[in-house]
Amino acid sequence: MKNSFISIFQSLYQSLRDLYPIILVIGFFQIVVLQQAIPHLLQILSGALFVVVGLSLFVQGLQMGLFPIGESMAYAFARKGSLFWLLIFSFALGFGTTIAEPALIAVADEAADVAAAGGIIVDTYVAKKSYADGLRFTVAFSVGLALIIGVLRILRGWPIQYLIVGGYIGIVIMTAFAPEEIIGIAYDSGGVTTSTITVPLVAALGVGLASSIKGRNPMVDGFGLIAFASLTPMFFVMLYGMLR
Amino acid sequence: MTEFLGQLLAVTIDTVFDVLPIVLIIFGFQFLVIRKPVPHLKQVVLGFIYVLLGLSFFLVGLEQALFPIGKLMASQLTDPLFIYGSLENVPKFFHWSDYKWVYIFAASIGFSTTIAEPSLLAVAIKAQEVSAGTISVWGLRIAVAIGVAFGIALGTYRIVSGAPLHYYIMAGYVVVIVQTFFAPKMIIALAYDSGGVTTSTVTVPLVTALGLGLASTVPGRSALLDGFGLIAFASLFPIISVMAYAQLSQWWSLRERKKN
Chain A
1 MKNSFISIFQ SLYQSLRDLY PIILVIGFFQ IVVLQQAIPH LLQILSGALF
51 VVVGLSLFVQ GLQMGLFPIG ESMAYAFARK GSLFWLLIFS FALGFGTTIA
101 EPALIAVADE AADVAAAGGI IVDTYVAKKS YADGLRFTVA FSVGLALIIG
151 VLRILRGWPI QYLIVGGYIG IVIMTAFAPE EIIGIAYDSG GVTTSTITVP
201 LVAALGVGLA SSIKGRNPMV DGFGLIAFAS LTPMFFVMLY GMLR
Chain B
1 MTEFLGQLLA VTIDTVFDVL PIVLIIFGFQ FLVIRKPVPH LKQVVLGFIY
51 VLLGLSFFLV GLEQALFPIG KLMASQLTDP LFIYGSLENV PKFFHWSDYK
101 WVYIFAASIG FSTTIAEPSL LAVAIKAQEV SAGTISVWGL RIAVAIGVAF
151 GIALGTYRIV SGAPLHYYIM AGYVVVIVQT FFAPKMIIAL AYDSGGVTTS
201 TVTVPLVTAL GLGLASTVPG RSALLDGFGL IAFASLFPII SVMAYAQLSQ
251 WWSLRERKKN
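Which chain is which? The protein sequence lines are A and B, in order. Residue numbers for the first sequence follow our numbering, so the first one is 1 and each next one is one higher. Residue numbers for the second sequence follow our numbering, so the first one is 1 and each next one is one higher.
Hints were generated in silico from the structure; no laboratory data involved. Do not take every clue at face value.
[Unchecked claim] Per the computed footprint, the stretches of chain A lying under chain B, defined by three or more beta-carbons under 8 Å from a beta-carbon of chain B, are:
#: 1; stretch: 23-36
#: 2; stretch: 59-69
#: 3; stretch: 99-111
[What the hints assert, rightly or not] Here are the in silico distance ranges between beta carbons for each label pair:
#: 4; chain 1: B; residue 1: Pro184; chain 2: A; residue 2: Ala176; range: 30 to 38 Å
#: 5; chain 1: B; residue 1: Gln247; chain 2: A; residue 2: Arg156; range: 24 to 32 Å
#: 6; chain 1: B; residue 1: Gly133; chain 2: A; residue 2: Gln35; range: 44 to 52 Å
[To be verified] Beyond 10 Å from chain A on every Cβ pair, some chain B residues (computed):
#: 7; residue: Tyr84
#: 8; residue: Thr134
#: 9; residue: Arg141
#: 10; residue: Gln247
#: 11; residue: Asn260
We put the beta carbon where it would ideally sit given N, CA and C, even for glycine.
Start from the sequences, fold in the hints, and give me the full structure.
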């Protein structure tokens with residue numbers, strides 16, 4: 001019990017560390033540049049407190065359960081077992097972690113609000129919820145697919161740059177056909193997907209894989225999974241925008 | 001207070017469904033494929049309860065603090081009263097340089113959050129090991145932070161100017177492809193990854209709100225068409241700056257060797 005208190009304080013400290021550069025920069029601009037009082041200061045401060053507490057609890061919970069199991073599982077699947085199950089696991093890992101990614105939930109909701117305000121979808125709770133969920137499922141599917149491609153690349157030793165350049169070409173072609181209002185959110189979804197939950201688990205998968213194959217450098221070949229995971233969502237969100 | 005509790009409860013119910021897939025996946029694979037009981041089951045279950053509560057608090061806090069402050073900064077920094085001093089000085093057509101504080105603010109947020117990003121530090125330490133010291137921890141961190149800062153600042157300029165997002169991104173892709181031919185091979189995968197790693201859970205909502213706020217306050221822009229895209233800039237430019245840094249440090253060390 002005492003240990004878990006200490007680790008909660010550690011994750012509180014870590015979340016504060018995430019937030020303090022933002023507080024410093026905004027504080028500087030408010031006091032020195034804008035010289036204005038912040039409206040609703042109390043609400044913003046209490047909200048910031050929620051962000052810190054929430055993020056700490058979230059990370060603490062991940063470290064207690066999901067991370068150790070997920071990492072040892074990723075490692076076990078990468079070291080032995082059939083290719084089939086490895087690929088299924090990679091897809092499931094990418095999909096499941098992306099659906100629970102906090103930044104993606106927030107941005108998808110915001111995108112739905114903007115789409116409703118812009119008249120793209122009906123301005124009701126149900127319509128917005130289904131638009132946001134559609135976005136998130138599309139992104140999660142893309143990340144799952146990206147991990148399959150990334151795992152195959154590590155196993156087969158394909159050079160990463162050809163795949164990335166191929167992906168860029170695909171995105172450029174899609175951009176020509178996608179509706180204008182989806183392009184911004186599609187391009188953003190690449191960077192949004194990969195944060196708190198996805199990165200540690202995906203890194204464990206990559207390093208486990210590369211270290212289990214002879215002649216591969218875990219540091220060099222283990223990288224690259226995140227790169228695919230930030231590329232495929234752009235392609236598929238544009239497709240979502242076209243088909244929806 | 002009751003309103004807040006209701007909001008928290010509603011968000012918590014939503015997050016149950018957000019966390020459910022990963023719970024099913026982990027337990028499903030554990031029972032069906034690995035066929036061993038979960039070690040420390042009690043602790044794991046408690047962990048998931050923390051995850052649920054944490055996610056709910058985070059999302060409520062986001063709605064109350066990060067989104068409003070991002071939009072507030074955007075509207076205050078683009079306020080004609082702030083830019084031109086008084087309403088009489090407001091010109092008929094604005095010049096992009098009138099919004100200089102927006103660009104400076106965007107760059108500062110990008111630089112400071114990236115330098116403080118813990119996952120980037122972990123990657124930088126690995127990169128130093130792989131490269132046998134050619135790439136230094138601080139060098140890489142500064143390279144990525146400059147990439148993000150420049151990316152977000154350019155992204156805000158794009159929103160102000162209203163040019164199509166994909167022209168910028170495509171130009172960026174061309175630079176990345178050209179650099180890939182010349183950059184040291186071992187840095188390439190790391191550079192591609194650094195684009196996705198840098199934008200943390202706290203930074204993404206704030207930067208998104210800044211973009212949407214800008215697009216809705218700058219005259220002639222719409223949040224729907226121009227508001228998004230800052231994150232895309234923040235993920236693309238670190239790729240360029242990391243490869244540039246690797247090229248530079250390779251060039252430096254070659255020159256040093258020639259001297260000796």
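Notebook entry, point to check: According to a criterion of three or more residues whose C-beta lies within less than 8 Å of a C-beta of chain B, is the stretch 23-36 of chain A covered?
Noted result: holds (count 8)
Notebook entry, point to check: Taking 10 Å as the cut and beta carbons as the points, is threonine 134 of chain B off the interface with chain A?
Noted result: holds, 13 Å
Checklist line | 10 Å cut-off, C-beta based - arginine 141 of chain B kept clear of every residue in chain A | finding: holds, 13 Å
Item checked: Assertion that tyrosine 84 of chain B lies outside the chain A interface [Cβ separation over 10 Å] -> holds, 14 Å
Margin query: Tell me if the beta carbons of proline 184 of chain B and alanine 176 of chain A are separated by a distance inside 30 to 38 Å.
Written below: Since proline 184 of chain B and alanine 176 of chain A have Cβ atoms about 34 Å apart, the given range 30 to 38 Å holds.
Margin query: Quick check: do three or more residues in the stretch 99-111 of chain A have a beta carbon closer than 8 Å to a beta carbon of chain B?
Written below: Per the Cβ count (10), the hint holds.
Checklist line | Coverage of the stretch 59-69 of chain A by chain B, judged on three or more residues with CB within 8 Å | finding: Holds: 9 residues of the stretch 59-69 of chain A have a Cβ under 8 Å from chain B.
Checklist line | Beyond 10 Å from each Cβ of chain A, as asserted for glutamine 247 of chain B | finding: holds, 15 Å
Next item on the list: Look at the Cβ atoms of glycine 133 of chain B and glutamine 35 of chain A and judge whether their distance stays inside 44 to 52 Å.
Entry: Since glycine 133 of chain B and glutamine 35 of chain A have Cβ atoms about 46 Å apart, the given range 44 to 52 Å holds.
Note to self: Is 24 to 32 Å respected by the C-beta to C-beta distance linking glutamine 247 of chain B and arginine 156 of chain A?
What the structure shows: Between glutamine 247 of chain B and arginine 156 of chain A, where Cβ atoms are some 28 Å apart, the hint holds.
Check: asparagine 260 of chain B: least C-beta distance to chain A exceeds 10 Å?
Finding: holds, 28 Å
In summary, the structure agrees with every hint in the numbered list given earlier.
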